[in-house]
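Trainee: The listed protein sequences correspond, in order, to chains U and S.
One rule links them: number in this note's numbering = place in the first sequence (from 1) + 201.
One rule links them: number in this note's numbering = place in the second sequence (from 1) + 201.
These are computed hints drawn from the structure, not numbers from a lab.
It is possible that part of the hints are untrue.
It does not matter which identical chain is meant; a pair holds if it fits inside one copy or across any two.
In silico DMTMM-like links for lysine to aspartate or glutamate, alpha-carbon gap of 25 Å or less [claimed, not checked]:
{"id": "1", "residue 1": "K319", "residue 2": "E834"}
{"id": "2", "residue 1": "K319", "residue 2": "E747"}
{"id": "3", "residue 1": "K319", "residue 2": "E759"}
{"id": "4", "residue 1": "K319", "residue 2": "E750"}
{"id": "5", "residue 1": "K319", "residue 2": "E368"}
{"id": "6", "residue 1": "K319", "residue 2": "E726"}
Protein chains: 2
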Amino acid sequence: MKPSEQEGSPESPVASGSATVMTRLVQMEVVPGAPRDNTRRILDALGRARADGAGLVVFPELAVPGCLLGDLWDQPAFLRECEACGEEVRAASRDLVVVFGNVAIDWTRRNEDGRVRKYNALFFAEDGRWLAPEGTGLPAVVKTLGASERAFDDARHFFGTRRLAVERGVSAAALIAPVATRRAGRLGGMMGEDLWVDDSAISPRGILEAKGAERLIVAGALPFTRGAPQMRFRACRALAQAVRLPVLYVNATGVQESGKTVYAFDGGSGFYDAQGRVTEGLEAFAEGELTQAVPIGCAAFAQAEATAGSDGMATIAQALMQGAAKLMRRLRIRRVVVGISGGIDSAVTAALYGRLMAPEDLLLVSMPGPFTSPTTHALALRVAQNLGCRFTEIPIGEAVELTRRQFAEATLGGGPGGGAGTLALDAAAMENVQARDRGCRVLSAVSAAFGGVIACDANKSETTVGYGTLYGDIIGWLALLGDLWKSDVYALGHHLNRLYGRDVIPQGCFDVVPSAELSAAQAVERGQGDPLNYPYHDCLFRSWVERSERATPEENLEWYLAGELERQIGYDGSVRELFPDAAAFVADLERWWNLHQGLAAAKRMQAPPVMAVSRRAYGGDLREAQLGPRYTERYRAMRGRVVGG
Amino acid sequence: MKPSEQEGSPESPVASGSATVMTRLVQMEVVPGAPRDNTRRILDALGRARADGAGLVVFPELAVPGCLLGDLWDQPAFLRECEACGEEVRAASRDLVVVFGNVAIDWTRRNEDGRVRKYNALFFAEDGRWLAPEGTGLPAVVKTLGASERAFDDARHFFGTRRLAVERGVSAAALIAPVATRRAGRLGGMMGEDLWVDDSAISPRGILEAKGAERLIVAGALPFTRGAPQMRFRACRALAQAVRLPVLYVNATGVQESGKTVYAFDGGSGFYDAQGRVTEGLEAFAEGELTQAVPIGCAAFAQAEATAGSDGMATIAQALMQGAAKLMRRLRIRRVVVGISGGIDSAVTAALYGRLMAPEDLLLVSMPGPFTSPTTHALALRVAQNLGCRFTEIPIGEAVELTRRQFAEATLGGGPGGGAGTLALDAAAMENVQARDRGCRVLSAVSAAFGGVIACDANKSETTVGYGTLYGDIIGWLALLGDLWKSDVYALGHHLNRLYGRDVIPQGCFDVVPSAELSAAQAVERGQGDPLNYPYHDCLFRSWVERSERATPEENLEWYLAGELERQIGYDGSVRELFPDAAAFVADLERWWNLHQGLAAAKRMQAPPVMAVSRRAYGGDLREAQLGPRYTERYRAMRGRVVGG
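With the sequences and hints as input, model every part of the structure.
Mentor: Structure below.
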């Protein structure tokens, strides 16, 4: 993007809007940080498209660099590589209009952080030349609404339309315009979150329509989360209906992550006609190419809409498996070790990995300890047998006893007066000793011997309140279930058994009371398990984490007092049945809130990355500092009125 | 911030600019996420100021809520609390002009993420009434340049001036104006990063000057990093000189963190006269209040400038100690456990904590293993004796041997064919077994028995290339040295000995070759240590991490070939002496780059939070995804020319 190229589009005869153009949408897997690989695949796709007679080929947002790259954008070498790749795509655009996402770089200007100017841009090329949005003075379409939510940091790296407008002293609308092409008429380019803008101060759709766009392109890099595909489907439909123009929606597949939050990208690309009907759509989570003459007739495929509407455990399982599989391939992980307890979390985790790899590459490790029950012990072995994978058993009793003894005998010396003290471990400490012996002595060494990574089976309920041992069970390469509430884990387990066509997860894993089995008080055979009432607490915790405007004990108590807690948090039982009185409700509320905001936050800092499937996942999505548990004045006042103190 | 209050400032007689007003700067510790606590201390300060006859009292940016709060901004309960606190401060402004930072909330509008509208704002109140910036239609000063770099995420949470300008269809300049006060004349409010803006499309300083500001207030929430206090000092001076107005600069103290990156806030508040001379300044890292009649004479204090100019290990040690101490207090940590090896990192860590707590609350744990040398073993004990703190010794030999034996005897069953395999641990695996036995069996249990947290002694050099064991030595509540290169650690050690007035860190810790002592090949007494040449590699790694436009092997190789690597990376040795030829240079470069971008990134995801002191710290400051090691085409071409293949 040299200054001389920023002067606008070349004069060229423009195809009439009533003509049709054979259009190909390329729903490709974008590998983050790998511009060369992505570009090779873009060029391959262009070759195929040309051979098939396509005149317009559209790729996703940031198809060259990827989107979730951390701060890789700070490396000029990476930027130069992306720019060079973009030039190769331009050069390959003979006889075609090519639309693709890449970083646009203005080496002559600076971002406000002092680094080189970068835009998240949609590039248009035809017959080997760049085409610019008409009259904007910009060499490419710049994303109007940069994503600065969830794990996305557009504003950190990219200069946006509004900053540009202020810098140039023009209206934002002056920076948005269609791109005139010879083969495909006037194309209105939009990117990702631009899809949602329709009532803000800038309406890209309205501006593009007013300036004569004949087709809208929405190039996305939008990850899967529960319900997101349907929202996008509805948004594309609404967009087409609003402007009465065909919409070409292209989204990436693959997996990208912010370090701590991992997303699977679901694709879901499709053609929408000017009435908002999907005329053709691509399978989710898979690469694919779709070709159509646009604009086309009105034969909407009901099936595409139906597909977009599905959102049960099937889609979530697909997201988890695709995400894990692609990330394993990228990180060159071939083998996985799962600590298997006989409980539901490790069984579901093992069953998920069982779908992703050869049985000889999956190793289940049973690590019975002093409080392991015969029930769970037998279930653990059964899961391994059902999966036909590798299995080993390494008990922890001897090492745990060695630690207990060593600490009982240790002398705590030094200090003022030099008085000796003791380091004897109490019961709570001995619970964590067991968990760490399993995770950091046994599993870590097993993974080294086996040449694999450790699977983390922590779920979102445990993660919310830190019900787990750091460096114990909170270890591993990826928390595949880390964005699923406990109740989701059960549902996923049933779905996996259906997928396998048999009960690889034995019924016993569903039936046994959830328990850490780390003390005599956690005896599953006497029905003694976790201190959480999952059906209720899952809903309560969700209100703290997943609501757009997040709830706190203030709202929870207010709802409780108004008799509407169940409705507000979506709990289908009765809270009055769980807690005899307000004092009991408050005690439970504060117990978990204290943990959630306190020790659990400290544990989450060092927990494995989470595979995201919900509206809000821990990690780079829900950002946290260690602020400690706090209560508002309003909460304290309400609490004082109902329980005193 | 109800709409009815957004209509502008009340009509009031305005004090003439030539009058003086007794002005107090309150350099306060802002506790993040604790609006009630912060407000109580603001109100206390107002009481003192009134008693002392001050007419204008100025507090830091976001003094009510704190600034690094993760996504706490998503909680409406928290926002309401902040708003209520702000009203209390307003009510307490009788007989005073009060200027303080808080979140401004417009409950009638939305941010682009769909959440309630929030601004990072500077509020002005006088005699119990809000004062608004003249003619802007805004109820408070909105930060012009939101921070979206390092660990800051302003754009994620706050609606900024430019977005407002586009939304309202006005120029950004229309939203910036002085606030007219009765007692203190027209005050120009600026916040944090606004200090740096002077050549961008918006110049707050220029607009404020043009609109008749008589004094400029710069309210900051700016953390300490190496060199930052001097930069701010120079910026304040330049600001005053540019506008020929007095500048009141108030910055917070305390500690705030993004989860993974912890910052100490250094304060550094002071009065600058209209010639840019510091007339009075406050001590760094400590709370304080400063009172002066403004505008005042020209008696610049040379000493304030001198203080601001100091930037050696003394300031860094101060930042580390203040940061750790305040964070410990906030998280209610009273006791600390340090695994002490006899090497420099653990000795410096122990000496730092020794300055922060009573000796009976600091416990050093020696964990000799099969390859621990008599030299380091003796040094470890010596450090504890020198500090007079608690000490214990728990050897790892027996547990490590148990693990080795258990794995040698374990059977790897299951899998296709049911063939048995082995899980025997090789030499590399046994190194990690030792490290994890120390960290997760011994230290974790010691911390439970002692009731303290584990100190992490990882430095930035190790962290860059993952030279450490996850769940082994990469554990703990905070990596206090995690932003210091190995050479900085030595310098800090010498400084600490000077602080103590004696060699608490024995000379032997400086002299012994750095070594993990995890195998027979790492024998310090034969001079066998880490595979890193720290003086060189520290400089190389710094070019990857700390340069504003980060370098990669592409630049490194280019510099090497041009004979300017030493100058570019600041290495004062000769690279030609380290590597016999280009092939050796390249092999070393790629070895560490592969680790840096590969396994080390995975380790950093789960590493403890880092106390930041440099331009760029790991964690929320330098954001990373697991992208794997990659090389640009240009690097490959250069490499091919010099070493083939």
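Trainee: All the hints need checking, so say for each whether the structure fits it.
Mentor: Quick rundown of the hints versus the structure:
Only between protomers do K319 and E834 lie at most 25 Å apart by alpha-carbon distance; the minimum there is 21 Å, versus 44 Å within a single protomer. In this homomeric assembly, K319 and E747 come within 25 Å of each other (Cα to Cα) only across copies, at 20 Å, whereas the closest approach inside a single copy is 32 Å. With identical chains, the CA atoms of K319 and E759 are at most 25 Å apart between copies only, with a shortest distance of 24 Å across copies and 47 Å within one. For a Cα distance limit of 25 Å, the shortest separation of K319 from E750 across copies, 13 Å, qualifies, whereas the shortest one inside one copy, 31 Å, does not.
Proximity of K319 and E368 under a CA criterion of 25 Å is satisfied in both settings, with 14 Å inside one chain copy and 23 Å between copies. When the C-alpha separation of K319 and E726 is checked against a cutoff of 25 Å, the pair qualifies neither within a copy, at 61 Å, nor between copies, at 52 Å.
The structure does not agree with numbered hint 6 stated previously, though it agrees with all others.
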